[in-house]
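A.B. asks: Keeping their order, the protein sequence lines are chains A and B.
So the first sequence is residues 1 to 246, counted in this note's numbering.
So the second sequence is residues 1 to 246, counted in this note's numbering.
Treat the hints with care, since some could be wrong.
The list cannot tell twin chains apart, which means a pair is met if one copy fits it or any two copies do.
[As the list claims (entries may be wrong)] Straight-line C-alpha distance at most 30 Å; calculated DSSO-like pairs for lysine-lysine: (1) Lys97 with Lys191; (2) Lys196 with Lys95; (3) Lys3 with Lys191; (4) Lys63 with Lys208; (5) Lys191 with Lys166; (6) Lys63 with Lys139.
Since the hints were made in silico from the structure, they are not lab data.
Nothing here was measured: the structure is a model prediction, and the numbers come from that model.
Number of protein chains: 2
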Amino acid sequence: MEKRKIEVSLSPALFSSYYHNPECNVVVVDVFRATSAMCTAFHHGVKEIIPVATVEEAISYKKEGYLVGAERNGEVVEGFDFGNSPFSYMGDEIKGKTIVLTTTNGTKAIAIAKGVNEILIGSFLNLSALAEYLIEDNKDVLIQCAGWKNRFNMEDTLFAGALVQKLLESSDFGNLADSAVAASHLYEVAKDDLYKFLEKSSHRNRLKRLNLDDDIRFCLEVSKFSVVPIFKEGVLVEKNEFVSAS
Amino acid sequence: MEKRKIEVSLSPALFSSYYHNPECNVVVVDVFRATSAMCTAFHHGVKEIIPVATVEEAISYKKEGYLVGAERNGEVVEGFDFGNSPFSYMGDEIKGKTIVLTTTNGTKAIAIAKGVNEILIGSFLNLSALAEYLIEDNKDVLIQCAGWKNRFNMEDTLFAGALVQKLLESSDFGNLADSAVAASHLYEVAKDDLYKFLEKSSHRNRLKRLNLDDDIRFCLEVSKFSVVPIFKEGVLVEKNEFVSAS
Numbered sequence: 001m002e003k004r005k006i007e008v009s010l011s012p013a014l015f016s017s018y019y020h021n022p023e024c025n026v027v028v029v030d031v032f033r034a035t036s037a038m039c040t041a042f043h044h045g046v047k048e049i050i051p052v053a054t055v056e057e058a059i060s061y062k063k064e065g066y067l068v069g070a071e072r073n074g075e076v077v078e079g080f081d082f083g084n085s086p087f088s089y090m091g092d093e094i095k096g097k098t099i100v101l102t103t104t105n106g107t108k109a110i111a112i113a114k115g116v117n118e119i120l121i122g123s124f125l126n127l128s129a130l131a132e133y134l135i136e137d138n139k140d141v142l143i144q145c146a147g148w149k150n151r152f153n154m155e156d157t158l159f160a161g162a163l164v165q166k167l168l169e170s171s172d173f174g175n176l177a178d179s180a181v182a183a184s185h186l187y188e189v190a191k192d193d194l195y196k197f198l199e200k201s202s203h204r205n206r207l208k209r210l211n212l213d214d215d216i217r218f219c220l221e222v223s224k225f226s227v228v229p230i231f232k233e234g235v236l237v238e239k240n241e242f243v244s245a246s
Numbered sequence: 001m002e003k004r005k006i007e008v009s010l011s012p013a014l015f016s017s018y019y020h021n022p023e024c025n026v027v028v029v030d031v032f033r034a035t036s037a038m039c040t041a042f043h044h045g046v047k048e049i050i051p052v053a054t055v056e057e058a059i060s061y062k063k064e065g066y067l068v069g070a071e072r073n074g075e076v077v078e079g080f081d082f083g084n085s086p087f088s089y090m091g092d093e094i095k096g097k098t099i100v101l102t103t104t105n106g107t108k109a110i111a112i113a114k115g116v117n118e119i120l121i122g123s124f125l126n127l128s129a130l131a132e133y134l135i136e137d138n139k140d141v142l143i144q145c146a147g148w149k150n151r152f153n154m155e156d157t158l159f160a161g162a163l164v165q166k167l168l169e170s171s172d173f174g175n176l177a178d179s180a181v182a183a184s185h186l187y188e189v190a191k192d193d194l195y196k197f198l199e200k201s202s203h204r205n206r207l208k209r210l211n212l213d214d215d216i217r218f219c220l221e222v223s224k225f226s227v228v229p230i231f232k233e234g235v236l237v238e239k240n241e242f243v244s245a246s
């Protein structure tokens, strides 16, 4: 039997070059910090998240009374409730609520994957739960890195490598694109100390300048949460909630 | 003094996301096999190479009586003199001649970089000579991988990593994009046996199926030639020839 395929699209600009199988599962990852914040929010009881690509869309939701997060270039956009720090998504005020979110790279990566059968949200925080879901579901996997303004970034690629290694624990997977092999090798080099390995990475330094070192360390914690956010009909929900609602 | 920058664009689709400095040197690489063939041709005395993006352009040059190479999906296009095997570019019949060449990925990568101040041709075959030229020239470096149909490929990324490491031998360089750091790490893992490391890579296997193992081994020989092909006004010439002609 042919092994299931794992591909990694290292930038949103490459999505269309990789995407060819409407049946595959697409995992969107933006480690620093959009998808880490999303996983944190679902773990802390948020009901759903509406990812929007532009600040303009976010403003119109805000006018309708929604809780809205907006981040650009690592900072909270003025006038919004929060940005994409995971620590903003732990309080009681989000429990059971719908949140709207726009970020520099992460929500755009979700937007380009629209039209795909199933989009899942990945981060180091939910690595094991996500891998388990993907292994059980009998599909190829395409990991879409959010990158930084269409450029390659290290942290999303390391997550992709970690996920590749997890998926290979199932013998169903084995057909790897070059990008998946590369991501796996990079993770192998980095995994003993992700924080230190990322010392020279551009976005870690961008966040450090904004005094967000706690965020960085938090986003690199592995398999802390068991949520699997899934994007359906324009909205992110937790997988189990989606299953029970359908 | 700020260190000179090295960036790696891992796919032609990412070129515009990286390119922002008209003064930088752009290195185009397509290890299997376009840029390896070009370096081989210059070492064996070809006068100039006109890279064209489409088979149609190649046909019109052929009608004018030029020697024309055309490759698509690893094979010589019917009716042309040669494809992109380096072994086709070693004979006396090319000495002093102008050659026209179109390939699946390599010539397209050159085409997208058009408009840039200086485009240089890189391959393992001319690694040291190229690095020496780039170090002496006081500019930032952007390495453009040809990839495979806009996807990431391993062999071009390994070359990029090898070049990053060579450039870092000069203390002028030190400002690395994440993509350059990643390429360097991959090369570090692979360098003791590039051939073996590439065993699982998609394009190596594509070429092996076409019985091109000799080509693969040849393209992985490091610093065999001292040529530095440079693209000026639509034509590739050898750097020294260009200098003496200007």
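A.B. asks: Please flag the earlier hints that this structure goes against, numbers listed from lowest up.
C.D. replies: Of the numbered hints, 1, 2, 4, 6 do not hold.
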